[in-house]
Amino acid sequence: LHFFWPLEYADVVVVLDQPVFNDENIRAVHTAFPKNGTKLKNLHVAMNPRSNQSFYGGGWYIQQLIMFWADNFTTAEYIGFMDDDTLFTQAVQEIDIFDEKGRPHVIAKYP
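Residue numbering for the sequence shown follows my numbering, starting at 1 and increasing by one per position.
Hints in this document: simulated from the structure, not taken from any laboratory. Check before you lean on any hint, since a few could be wrong.
Stated by the list, open to error - Label pairs and their calculated CB-CB ranges:
#	residue 1	residue 2	range
1	V13	V92	12 to 20 Å
2	M82	V29	16 to 24 Å
3	I79	V29	18 to 26 Å
4	H105	R27	29 to 37 Å
5	D96	A70	14 to 22 Å
Beta carbons: idealized from backbone N, C-alpha and C, even for Gly.
Let's have the full structure, built from the sequences with the hints guiding it.
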């Protein structure tokens with residue numbers, strides 16, 4: 001996260017499925033962020049009410065649903081997603097995400 005956004009500007013929403021959200025011990029593990037002990041002043045936890053796996057499907061399907069439904073968990077103008085296969089090789093600057101008119105854009109390189 002330090003590469004992606006300075007901590008003083010970070011506003012992180014951790015969205016958990018209902019079984020995880022309802023279990024205090026598991027929820028504590030998922031919200032112990034960041035791991036180095038630095039506290040985020042803008043860390044919020046939300047529950048995904050659409051967690052019914054028999055209706056929405058399991059894991060990957062619910063993850064996709066959360067991303068399509070992300071604007072229901074925040075009032076932010078822009079929402080960014082990172083996946084576990086994303087690797088930052090240098091600090092991300094505002095110009096990397098927004099053009100000169102303030103519009104969002106992405107520049108990515110594929111192998």
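Evaluation of the provided hints:
1. V13 with V92: 12 to 20 Å: 19 Å, holds
2. M82 with V29: 16 to 24 Å: 19 Å, holds
3. I79 with V29: 18 to 26 Å: The hinted range 18 to 26 Å holds for I79 and V29, with Cβ atoms some 24 Å apart.
4. H105 with R27: 29 to 37 Å: With Cβ atoms ~35 Å apart, the hint holds.
5. D96 with A70: 14 to 22 Å: 21 Å, holds
The structure shown violates none of the earlier numbered hints.
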